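S.K.: Sequence:
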Amino acid sequence: MKVNDWFSIKRQKDPQTKDPPQEEVVCKACKKKIKQAEFIKNLNVCSHCNYHHAISSRKRIEITFDPTSFTELWASEESKDPLNFTLKPYRETLLKAKEKTGLKDAVICGLGTIHRIKVVAAVMDFSFVGGSLGSLVGDKIAALGLVAHERNLPFVIFTTSGGARMQEGIISLFQMAKVNAVMALLDEAGLPVICVLTNPTTGGVSASFATIGDIIIAEPGALIGFTGRKIIEATINKKLPEDFQTAEFSLKSGHIDATISRQEIREYLVKILDYLAVR
6 MKVNDWFSIK RQKDPQTKDP PQEEVVCKAC KKKIKQAEFI KNLNVCSHCN
56 YHHAISSRKR IEITFDPTSF TELWASEESK DPLNFTLKPY RETLLKAKEK
106 TGLKDAVICG LGTIHRIKVV AAVMDFSFVG GSLGSLVGDK IAALGLVAHE
156 RNLPFVIFTT SGGARMQEGI ISLFQMAKVN AVMALLDEAG LPVICVLTNP
206 TTGGVSASFA TIGDIIIAEP GALIGFTGRK IIEATINKKL PEDFQTAEFS
256 LKSGHIDATI SRQEIREYLV KILDYLAVR
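Using the numbering used here, the letters of the sequence shown map in sequence onto residues 6 to 284.
Calculated directly from the structure, the hints in this document are not laboratory data.
Remember, it's a predicted structure, so these values are computed and weren't measured experimentally.
There could be a bad hint or two in this list.
What the hints assert, rightly or not - Beta-carbon label-pair distances, calculated as ranges:
hint, residue 1, residue 2, range
1, 235, 67, 34 to 44 Å
2, 63, 273, 19 to 29 Å
3, 54, 175, 36 to 46 Å
4, 34, 157, 40 to 50 Å
Stated by the list, open to error - Keeping only pairs whose Cα atoms sit at most 25 Å apart, straight-line, the calculated DSS-like set for lysine-lysine is:
hint, residue 1, residue 2
5, 36, 64
6, 64, 33
7, 85, 183
8, 235, 257
9, 33, 46
10, 40, 64
11, 109, 183
12, 276, 46
13, 235, 33
14, 105, 46
Glycine included, C-beta positions come from ideal geometry on N, C-alpha and C.
Using the sequences and the accompanying hints, generate a full structural model.
M.R.: Below you can see the structure in the form of structure tokens.
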């Protein structure tokens, strides 16, 4: 027997090599397992129950805008600690958030194109201190609105937030009025503001600029509301519907215009911008 034949026989007798196990993700909603590769391909949406898990602001930009078209503005700006907040050192909170996310704050603002349509866009990120609205977030969104006004461009904003940033006190609440004032300026100029509400959009953000756009859409199942369900039930002494404060409830109540799956948002934005004849 030739040496090569002997090795061939050995290979045939060896048990079949198994593929390495694929990493899996457990859905937060239905608790079923999803292959990680499938989960990523599906943009962090559960293939079993359609639950929309969080994605980063960077990923949101990647899947929404034309490749290499997005230019970030004020990328070097960082949050400060104007009140020297000491209950839990705010500077420490900011430092940890920066290290964890690679972001400077809870929003990325910039200019880009969606199917060659020029827009300005603000994309919030819940992973940075709960997407909270602080002075820098408000400054950037308001300044971006002025850019939209100056360049005659539509404004697209993706929201996700737990509300105003408590470590900045009343300063964080000022941002609601400041951003709304700029939104009013865009309205007077006839420039469209399109708000895309993602899970969760609550507190001061939901009570201000997130819900005053010309077109307001939301991802399915997104939590949308001002204060918590338990607080409301305790206040009115009444049990609220199971779907209360969801995107679907908001749609039935007429508070938003549509619920759109994450995979279809880019196409929906293109249709809206085309309809508005924005170029």
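S.K.: Next, verify each hint and record whether it holds.
M.R.: Each hint, compared with the structure:
A C-beta distance of roughly 37 Å is found between residue 235 and residue 67, which places it inside the suggested range of 34 to 44 Å. In this structure the supplied range 19 to 29 Å holds for residue 63 paired with residue 273, their Cβ-Cβ distance being about 21 Å. Remark: the range hint 36 to 46 Å for residue 54 to residue 175 is upheld by a beta-carbon distance near 41 Å. A hinted range of 40 to 50 Å holds for the C-beta pair residue 34 and residue 157, which are about 42 Å apart.
For a cut-off of 25 Å, the pair hint linking residue 36 to residue 64 stands: about 24 Å separates their Cα positions. Annotation: proposed proximity of residue 64 to residue 33 holds, straight-line Cα distance about 20 Å (limit 25 Å). Note on residue 85 and residue 183: the hinted pairing holds, with a Cα-Cα distance of about 18 Å set against a maximum of 25 Å. Of the supplied pair hints, the one linking residue 235 and residue 257 holds, its CA atoms being roughly 21 Å apart against a limit of 25 Å.
Annotation: proposed proximity of residue 33 to residue 46 holds, straight-line Cα distance about 18 Å (limit 25 Å). Between residue 40 and residue 64 the alpha-carbon distance is near 19 Å, which keeps this suggested pair within the 25 Å criterion. Of the pairs offered as hints, the one joining residue 109 and residue 183 holds, with about 21 Å between alpha carbons and a cut-off of 25 Å not exceeded. Only pairs whose Cα atoms come within 25 Å are accepted, and residue 276 paired with residue 46 is accepted, the gap being roughly 24 Å.
Between residue 235 and residue 33 the alpha-carbon distance is near 21 Å, which keeps this suggested pair within the 25 Å criterion. Restraint check for residue 105 and residue 46: satisfied, since their Cα atoms lie roughly 23 Å apart, inside the 25 Å limit.
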